[in-house]
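A.B. asks: Sequences are here, hints too, so could you generate the full structure?
Protein chains in written order, with this note's numbering: chain H, 1 to 458; chain D, 1 to 457; chain R, 1 to 267.
Calculated directly from the structure, the hints in this document are not laboratory data.
The hints are all genuine.
Facing chain H, according to a computed beta carbon distance under 8 Å, are these residues of chain D, among others: (1) Y12; (2) L113; (3) V116; (4) F117.
Restricting the straight-line Cα-Cα distance to at most 30 Å, the calculated cross-link-like pairs of lysine-lysine (DSSO-like) are: (5) K6(D) - K267(H); (6) K109(R) - K68(R); (7) K9(D) - K227(H); (8) K50(H) - K376(H); (9) K227(H) - K110(R); (10) K113(R) - K209(R); (11) K91(R) - K110(R); (12) K6(D) - K101(R); (13) K91(R) - K101(R); (14) K91(R) - K376(H); (15) K68(R) - K9(D); (16) K267(H) - K9(D); (17) K446(H) - K91(R); (18) K113(R) - K446(H); (19) K227(H) - K91(R); (20) K408(D) - K174(D); (21) K68(R) - K267(H); (22) K376(H) - K68(R); (23) K6(D) - K68(R); (24) K376(H) - K113(R); (25) K6(D) - K113(R); (26) K227(H) - K113(R); (27) K138(R) - K446(H); (28) K270(D) - K293(D); (29) K267(H) - K101(R); (30) K101(R) - K227(H); (31) K6(D) - K376(H); (32) K227(H) - K68(R); (33) K113(R) - K138(R); (34) K6(D) - K227(H); (35) K9(D) - K376(H); (36) K138(R) - K376(H); (37) K374(D) - K270(D); (38) K374(D) - K293(D); (39) K267(H) - K227(H); (40) K6(D) - K446(H).
Ideal placement from N, C-alpha and C gives every residue a C-beta, glycine not left out.
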Amino acid sequence: MAEQRKTTRGSVYAADTPRRASSARRKKHKNYIPPDLEIKKGKIREKIGKWFVLMVFLTVLELAMDLSALNRLTEEELPGVVLLFGIYLAAQWVYYIVAGLVLRRRMELELAGFLLSNVSLVITASVYPDRLRTQLIAVIGGILVFAFLTWFMGNVNRVTVSRMPIGIAAVGLLALTLVLAEYNNGAKNWLYLGPLSIQPSEIVKVAFVFVGAATLDKLQNTRSIAKYVIFAMVCVGLLFLMLDFGTALIFFATFLIIAFLRSGDIKTIVLICTAALMGGIFIILYKPYVASRFSTYRHIWEYIDAGGMQQTRTIIYSLSGGLFGVGLGNGKLRHVFAATEDLVFGVVCEELGMLTAVAIMIAYVLFLVYAIRGAKYARSSFYAIAACSAAGMMLFQAMLNVFGVTDVLPFTGVTLPFISRGGSSMLCSWGLLAFLKSLDIRTYPKVMRELYQQKERI
Amino acid sequence: MNTISKRAKILYAIVAVCLAGMVFLGITFCVHGDEYASNTRNQHIYSGNVLISGGRVLDREDRVLTAVMEGRRVYNEDSVIRRSTLHVLGESGYIAGGVLEQYSAELIGYNLLTGVFTATEQGGNDVRLTLDAELCADAYRAMDGRKGAVGVYNYKTGEIVCMISTPAYDPSNKPEDIDDNEDYEGAYLNKFLYGQYVPGSTFKVITAACAVENMPDVLTRTFHCDGEYHAADGTVICNDVHGEVTFQQAFNQSCNSVFAQLADELGKEKMTATAEKLGVASSVPVNRSNTTKGSYDVSSASHADLGWSGIGQYTDLVNPCNMMTLAGAIANGGTARLPYYVDGVYSADGRLIQNETSDLTRTYMSASTASVMKNLMRTTVTDYYGEGYFPDMEMCAKTGTAEVGEEKRPHAWMIGFSQREDFPYAFAVVVENGGSGYSAAGRVASRVLSSLWDSMF
Amino acid sequence: MDWQSLGAYGGLIFRVLLSVSILFFLVISLLLLFNRNYGKNVIARFINAMSGETVDISSWEVSLGRAKTCDIVLNNPTVSRFHAVVVRRGKGWMIFDTNSKSGILVNGKKIDKRAFIYDGDIISMGTSVLTFRSPLFKREQPQKKSDTAYQKIPAERKVVAAARRDSGRAISALVNLADQSLVLLFAEDYIIGRANDCDIVLPVMTVSKHHARLLRQGTVWRLEDLRSRAGTQLNGTDVIGSVPLRDGDVIDTGGVYFRFIADYMNE
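C.D. replies: This is the structure we're talking about:
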């Protein structure tokens, strides 16, 4: 009876209209349950078998790494380090029991995060055993932040309401840092609170993604992008004033990603990039201090003991390690300044092998690929944008670190996510991982249930 | 939802850039890996400037010239061998161009897969030289404390069997006063490969070749030497009054007047051209080094100056290795087999990993000119000096006594080669301030070549 | 082979195994992320009130507008480029007005920026009318009824039978094609329009205040257009003056479609 005819009053069609029959075809019974889920006690659950196997594999791997890290420790340091390693292993199993068995969540991202964090712990234990405790606290703190953020973002309402206050707090924190902080190796990006030293920009990174991502209603409201651009420029500007150019660049790149995802307007992006490029060139030409930081780029061998020292040593020792490394504890790069922070990629290449280093890079790449592919199935554009920009930010930062330290790009002092020693960096990395986790609706069983409980055909 | 998902696809560009960067980095590592990994800053294999890991350097008889034992570098047990092979091994930071520096990557056995594992755990690879350490020791003793250089090589195969430079010191016991003590002046330079000396009468080889090639009748000419040659604008003093001499006799007796006259007659252009052809001012590649160029510049010379340049004075400078190679060219029908001293890189269990022998040749002169030159040099021994220094060797030679200033004794030179097929060696000897070419350099050459002869027959 | 080099080779083998395992583990655990077996389940539906065309919704956020990048494209000049966004939020579904020129009406009432919508609500954007269906989220209290005979509940046959006996003739009816609701024509004369004083109130912008008239003449119902702006169509042709209705005719009054049933009892 209903004729499908076009009238002047228009017709309705959707960009992706699934044919009605197909959903009937896919339904084997009223509620379609995919193979890796099962219904138990009326609740939809994940099957648990594979996570246990993976956890065991992970534990064996970590034990191997931990044991090989012990070879340079003195008798006094040994028990402390072994204890801390044990605590980390226990923490992972506790997480598995709580999240994997009881709450029945998937654990791919956590497993990857565990392994990467373990690399940082093992390097810290081998090079600075007395600082292992701080690093472990940072890792566990990161996991807790991850769990909290994942829960927090479960409710879209909560997310939309909190974006504004978080944005204000972020700008405030950066401004505070600019005022209060002291210079530390040329950048004014550290706050010292008693025995702790934190890098506020790392925390602001998470907030930046949070504020940038938006639900679809906000996105279609064309006025909101202007507010976001101002927010982003303020953040980048403050970081520039703090002379932390690497982090400013990361924020800028993330801003470009978010702006494009929000507006789809490539012309504006290109315009902004050109303006930034011109601004950058202007600064380099007229502020010699800035230019001097880049004078060693592609000339590191001429300044082998001066400005190019860190990069040349990184290359020399990375090559010395070969594909499989010289073994934990046997490296020489660890004696160079900032080996466990900025140069940690070289330490991994030298001691654990270039194959391991490549694996780490592949992990970052896979995070981004997952975010891009998963954007289609997201509950809200907020999660899609957040995951893509978080993963993009992480990969971009990793690239700046790895390529900067091997003279493919100019050296900027940014850390390698998860691997660099440093509390703030670790917290930030786990925080960004939370965005990836929240992208997947399988993290939120209540939402999943709704999907499968449409008992009536509409 | 699809809008975001479509836009997100642009982020694949970041993935692409990342992968491209990693490929670029990988290629850089592959191409420059050896060079970077064997940098002296690599503390896996260097301590300060000393290479403390890696394989041994061996001579042609498998004598160990230097090796690493328990994390320290050690040298041959014989102190004279140590001194005589010092320059060929080199000392990082002091003596450049040595095997330890140029073959560090091979000694370490670096490869992209295992990094420095071969060096630190498997003892690296060995580098075998063509030198005979005992012969080098003999040469060192023959120099008897005097400064200079000696080189002997097989002109058929190119293998250098002896190469020393003095002064040298004992690398195991480096003297503390090495920088102040005059006796050690120049100790850091491998004079055989990198030295430059006034050639003196050995330059007459070049002048003679120039004459042979440009003056068809020179072999039948006779000359008159009255102790001097009067050029248009000056005089060249001869070492003796030779009277009436043929070209050959003039060469044998090393008559300055005749050769100054010949140089003057030939003129600047031809002399310069021949000098260039015979490699005076060019470099010879010896494995991974290049010899220092000599110099022959008569662009602003007067006639007298030209005359002096023809007898190896004026501003003439030559390099001992280049001269030895020139001798090798004459011995080999005008085309020299270029010299080398590194035979190859071998694994610890004796397998050849990399062949470093050279099969390069260079043509210096035509075969006919070479045969004339050979005859000239042979008759110098048979008709003038006698075979006393080189019995049975059928030696062809030319000496030189190079004036280096009024206060100092002249440098003593000798270059030559044996024309025996079973003893195909060419040599060059220079003794700084040694005095007479024949007695000083000749005696050294005699000792070295006799030693070589004895080891073979 | 002595013990030292044995140890060295052992170390190398250990490192080979370790680095390969790390690579293997990271790649495997992350590739697991990529399998996605749940299909696109339909969780809501929009029905075009005019054409009956339906659009299935399987995501939680849907954009509507004239622009091609919207999830639901409305090819209607009265609809803004980015008109509205419908999202699943909190306890139900919401519709957001994203800077549209003509605003949004939910069940006839203009909304202010955002409003909750429930199963069966009629959403007007410009001249486009869509019905929203999501069975999990029904309105708690029924829609305010006007005082006319416009009923959503199908009438009891008894009532209709009684009326038939009383009047001695068949009772006709109109079926609203958009929501399948029924209007029983007990009386003689019905004015159809947007104004509240009409007998059949259609709170749709494209319907004129007094749009059309249904008049019974004997056993035949006649349809008349009351000089409405959009006009009245019968089976696709414009109505000029007064035309008779036959069983099964489709009436179009300003975008609202009705099917005429001559005898409800024999339907």
